[in-house]
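**Student:** Chains as they are written, first to last, in the working numbering: chain H, 1 to 140; chain L, 141 to 305.
Be aware that a few hints might be false.
To be verified - In silico SDA-like cross-links for lysine to any residue, where the CA-CA straight-line distance does not exceed 20 angstroms: (1) Lys176(L) <-> Thr59(H); (2) Lys264(L) <-> Glu204(L); (3) Lys62(H) <-> Ala182(L); (4) Lys171(L) <-> Gln36(H); (5) Lys53(H) <-> Ala111(H); (6) Lys62(H) <-> Pro304(L); (7) Lys273(L) <-> Gln214(L); (8) Lys176(L) <-> Gly100(H); (9) Lys62(H) <-> Val178(L); (10) Lys139(H) <-> Gln267(L); (11) Lys99(H) <-> Glu180(L); (12) Lys139(H) <-> Gly268(L); (13) Lys99(H) <-> Phe173(L); (14) Lys53(H) <-> Ala182(L); (15) Lys273(L) <-> Pro192(L); (16) Lys97(H) <-> Ile174(L); (17) Lys176(L) <-> Cys125(H); (18) Lys53(H) <-> Asp189(L); (19) Lys176(L) <-> Ser41(H); (20) Lys99(H) <-> Lys171(L); (21) Lys171(L) <-> Ser116(H); (22) Lys62(H) <-> Glu180(L); (23) Lys253(L) <-> Arg292(L); (24) Lys139(H) <-> Ser116(H); (25) Lys139(H) <-> Ala76(H); (26) Lys139(H) <-> Ile193(L); (27) Lys176(L) <-> Gly96(H).
Said to hold, decoys possible - Stretch-level coverage of chain H by chain L, calculated; a stretch enters the list once three of its residues show a Cβ under 8 angstroms from a Cβ in chain L: (28) 32-41; (29) 48-58; (30) 65-72; (31) 113-127.
Hint data in this document are derived by calculation from the structure and do not stem from the laboratory.
As the structure is a prediction and not an experimental result, all values here were calculated from the model.
Quick reminder that beta carbons are idealized off the backbone N, C-alpha and C, glycines included.
Okay, here's what each chain looks like letter by letter:
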Amino acid sequence: MNRLQKLTSIAVLSLAATAAFAQSSTPVQTGVFHGQVHSTSGRASIYNGSDGKLTLRLTNFKTSNGPDVHVLLIAANDARDNDNFLKNNVERVELGKLKGNEGDQNYDIPAGTDLSKFHTVAIYCERFNANFGTAPLEKF
Amino acid sequence: MISFLRKHKLLSAVASLIVVGALWYLFRPEKLFINKRVSEAAPFAADRDAQPIYTGTLSGKLHETSGRATVYRQPDGALTLRLTDFHTSNGPDVHVVLATADDPGLQSTVPGKALASVEIGALKGNQGDQDYKLPANTDFAQYSTVAIYCERFHAVFGTATLQPF
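Chain H on its own, in the form it takes in the complex:
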């Protein structure tokens, strides 16, 4: 591939990416965090992309920093304590390690996740089984 071809192929790629980003994505569910083991605040919203891809977005988010903290969707109306997690009697969908303890951040939700069942977001420290904070989601 000569240099000119490389240049044009890059240009085409970035154009496609821009076009994909411009497609509208709308919030379908939202809720605010309340802190449990650590004070946690901000908003969790689920966006539905025009391609059907679901994204969890945290905004104005703030929690405590800690080791091995994860973002989960749980099959519960709310979680006031660690009990459900400790007994492992709450079903969960793992969304990934918490990217930062402050600020706006996005997490991909696996395709096929049933949002009518998994309708609460939990910030959860796997190492100490501590539920940092919970956001029950409501229809936006």
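Once you've looked at the hints, dock chain L against the given chain H.
**Tutor:** Relative to the frame of chain H, chain L by itself:
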């Protein structure tokens, strides 16, 4: 034990280092003081789509009221209040207004207490999704409550507290 440690100073020093290291890795105490801030872009085009900036759920005061109130900022900067899944009682001269959270009129359980409010418009319908234009300079930090308000009887049908989206 003490004499053993005295005899094997190097060994005990190494052992305690390992223990301290393991405890540090387990608890990561420095994370209590070190923040990690991220700032990812929204999963939509902020320059083309209206963005929700405040939202809150409506609850009834003098009449049963439900639904969601959301403030959108349009790409051109214009502000819109949108009511969704909205449901309230029908009534005479009902308005959508913005009020301060501590307005005594909001706490009143009987009609007759006037609200110190910012008028948004006459309620278009007591059910369904509807949009209202908001003044461009609206201070949501001060006027953080959406109220469905009957001007004739000074009755607050329902309210929603706006929180940052």
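**Student:** If a hint holds in the structure, say so; if it does not, say that too.
**Tutor:** Against the structure, the hints:
no.	hint	in the structure
1	Lys176(L) <-> Thr59(H)	holds (15 angstroms)
2	Lys264(L) <-> Glu204(L)	holds (17 angstroms)
3	Lys62(H) <-> Ala182(L)	holds (17 angstroms)
4	Lys171(L) <-> Gln36(H)	holds (18 angstroms)
5	Lys53(H) <-> Ala111(H)	holds (7 angstroms)
6	Lys62(H) <-> Pro304(L)	holds (14 angstroms)
7	Lys273(L) <-> Gln214(L)	holds (11 angstroms)
8	Lys176(L) <-> Gly100(H)	holds (5 angstroms)
9	Lys62(H) <-> Val178(L)	holds (11 angstroms)
10	Lys139(H) <-> Gln267(L)	holds (17 angstroms)
11	Lys99(H) <-> Glu180(L)	holds (10 angstroms)
12	Lys139(H) <-> Gly268(L)	holds (15 angstroms)
13	Lys99(H) <-> Phe173(L)	holds (17 angstroms)
14	Lys53(H) <-> Ala182(L)	holds (14 angstroms)
15	Lys273(L) <-> Pro192(L)	holds (14 angstroms)
16	Lys97(H) <-> Ile174(L)	holds (17 angstroms)
17	Lys176(L) <-> Cys125(H)	holds (16 angstroms)
18	Lys53(H) <-> Asp189(L)	holds (18 angstroms)
19	Lys176(L) <-> Ser41(H)	holds (15 angstroms)
20	Lys99(H) <-> Lys171(L)	holds (14 angstroms)
21	Lys171(L) <-> Ser116(H)	violated (35 angstroms)
22	Lys62(H) <-> Glu180(L)	holds (14 angstroms)
23	Lys253(L) <-> Arg292(L)	holds (11 angstroms)
24	Lys139(H) <-> Ser116(H)	holds (10 angstroms)
25	Lys139(H) <-> Ala76(H)	holds (15 angstroms)
26	Lys139(H) <-> Ile193(L)	holds (16 angstroms)
27	Lys176(L) <-> Gly96(H)	holds (16 angstroms)
28	32-41	violated (count 1)
29	48-58	holds (count 3)
30	65-72	holds (count 3)
31	113-127	violated (count 1)
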